[in-house]
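I would like the entire structure built from these sequences, with the hints used as guidance.
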Amino acid sequence: MTDDLPEMRASDADRERVAEVLREAVAEGRLDMEEFQDRLDSAYAARTQGELAPLVRDLPRTTAPTTPAEPARAGRGWADRFGGNATSRGAVAIMSGFVRKGPWTAPRRFTCFAFWGGGEIDLREAYFEDREVEIRCFAIMGGVNVIAPDEAEVDVRGIGVMGGFDHSAAGRGEPGAPRVVVSGFAFWGGVGVERKRRRAERRERKRLEDGHGHGHGHTYGHGHDRRRDERDD
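Letter by letter, the sequence shown follows residues 1 to 233 in the UniProt record's numbering.
I should point out that these hints are in silico values taken from the structure, not numbers from a laboratory.
For glycine and all other residues, C-beta sits at the position ideal for the given N, C-alpha and C.
Treat the hints loosely; a few may be bogus.
What the hints assert, rightly or not - For each label pair, taking beta carbons as the anchor points, the in silico distance ranges come out as:
id: 1; residue 1: 60; residue 2: 159; range: 34 to 44 angstroms
id: 2; residue 1: 80; residue 2: 12; range: 34 to 44 angstroms
id: 3; residue 1: 187; residue 2: 48; range: 36 to 46 angstroms
id: 4; residue 1: 35; residue 2: 176; range: 33 to 43 angstroms
id: 5; residue 1: 95; residue 2: 45; range: 16 to 26 angstroms
id: 6; residue 1: 48; residue 2: 164; range: 17 to 27 angstroms
id: 7; residue 1: 30; residue 2: 188; range: 28 to 38 angstroms
To be verified - In the EDC-like style, the derived pairs of lysine to aspartate or glutamate whose C-alpha atoms are separated by at most 16 angstroms in a straight line are:
id: 8; residue 1: 196; residue 2: 80
id: 9; residue 1: 101; residue 2: 125
id: 10; residue 1: 101; residue 2: 122
id: 11; residue 1: 196; residue 2: 122
id: 12; residue 1: 101; residue 2: 41
id: 13; residue 1: 101; residue 2: 155
id: 14; residue 1: 196; residue 2: 129
Shown next, in the form of structure tokens:
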């Protein structure tokens with residue numbers, strides 16, 4: 001990202017670099033949650049470099065990624081995604097919203113609360129402090145959506161009281177993948193839990209199906225292809 005070409009179109013990697021700077025800033029206390037959420041929403045909505053630059057102009061960027069995150073992750077195994085310090089351990093949305101997505105590091109236990117608000121916790125691109133992560137969701141007249149990697153084992157333990165707690169994504173995962181436990185409760189609200197592939201995996205699958213790999217594609221074992229197709233965006 002550069003201020004020299006403000007009209008240049010921003011890429012997904014540019015947006016993620018800015019989002020990572022913002023996550024670091026809120027973890028260090030440089031931004032409060034409301035300002036963080038406002039800037040994060042603006043970052044993901046930005047279309048040019050000039051729209052991204054002001055969002056981090058007053059923040060240090062020494063820990064921000066300097067290369068696009070997606071190519072660096074291509075082909076790496078799950079073992080490379082375990083370990084390291086969590087970049088966020090919780091979130092609160094009171095008549096507002098929050099998002100955790102992209103290459104963030106999920107803690108062993110993440111706690112979130114939504115009251116007349118909503119949040120999204122996307123683990124598809126995440127690193128993990130440990131192989132098992134517990135996402136504790138408390139939704140009161142609000143909603144939280146948890147997106148787990150398609151390969152992950154998912155264990156849903158939450159309950160709904162005059163609300164909903166989605167258990168449909170619960171099930172076994174693939175060897176070596178993380179275990180995602182979703183707990184908590186929803187009161188006059190809802191907690192959604194789903195599994196999805198990463199965008200890069202969907203693009204690669206489509207390329208193989210539409211191109212020279214037609215008829216072979218990826219195999220995921222256990223006859224789950226149809227179910228997993230239904231979970232794609």
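Results of checking the hints against the structure:
Range check, residue 60 to residue 159: Cβ separation about 42 angstroms, and the 34 to 44 angstroms hint holds. Evaluation of the 34 to 44 angstroms hint for residue 80 and residue 12 yields a failure: the beta carbon distance comes to about 21 angstroms. For the pair residue 187 and residue 48, the supplied restraint of 36 to 46 angstroms holds, since their beta-carbon distance comes to about 42 angstroms. Residue 35 and residue 176 have their C-beta atoms about 38 angstroms apart, which keeps the hinted 33 to 43 angstroms range intact.
About 20 angstroms separates the C-beta atoms of residue 95 and residue 45, a value consistent with the hinted range of 16 to 26 angstroms. Residue 48 and residue 164 have their C-beta atoms about 39 angstroms apart, which leaves the hinted 17 to 27 angstroms range violated. Taken as a hint, the range 28 to 38 angstroms holds for the pair residue 30 and residue 188, whose Cβ atoms sit roughly 34 angstroms apart. Of the supplied pair hints, the one linking residue 196 and residue 80 is violated, its CA atoms being roughly 20 angstroms apart against a limit of 16 angstroms.
Under the criterion of a C-alpha separation no larger than 16 angstroms, the hint pairing residue 101 with residue 125 is consistent with the structure, at around 7 angstroms. In summary, the hint linking residue 101 to residue 122 is supported, as the alpha carbons are separated by about 5 angstroms, within the 16 angstroms threshold. The straight-line distance between the Cα atoms of residue 196 and residue 122 is roughly 9 angstroms, inside the 16 angstroms bound, and the hint therefore holds. In summary, the hint linking residue 101 to residue 41 is supported, as the alpha carbons are separated by about 12 angstroms, within the 16 angstroms threshold.
Straight-line distance between C-alpha atoms of residue 101 and residue 155 comes to about 20 angstroms, which puts the hinted pair past the 16 angstroms bound. Restraint check: the Cα-Cα separation between residue 196 and residue 129 comes to about 21 angstroms, which exceeds 16 angstroms; the hinted pair is violated.
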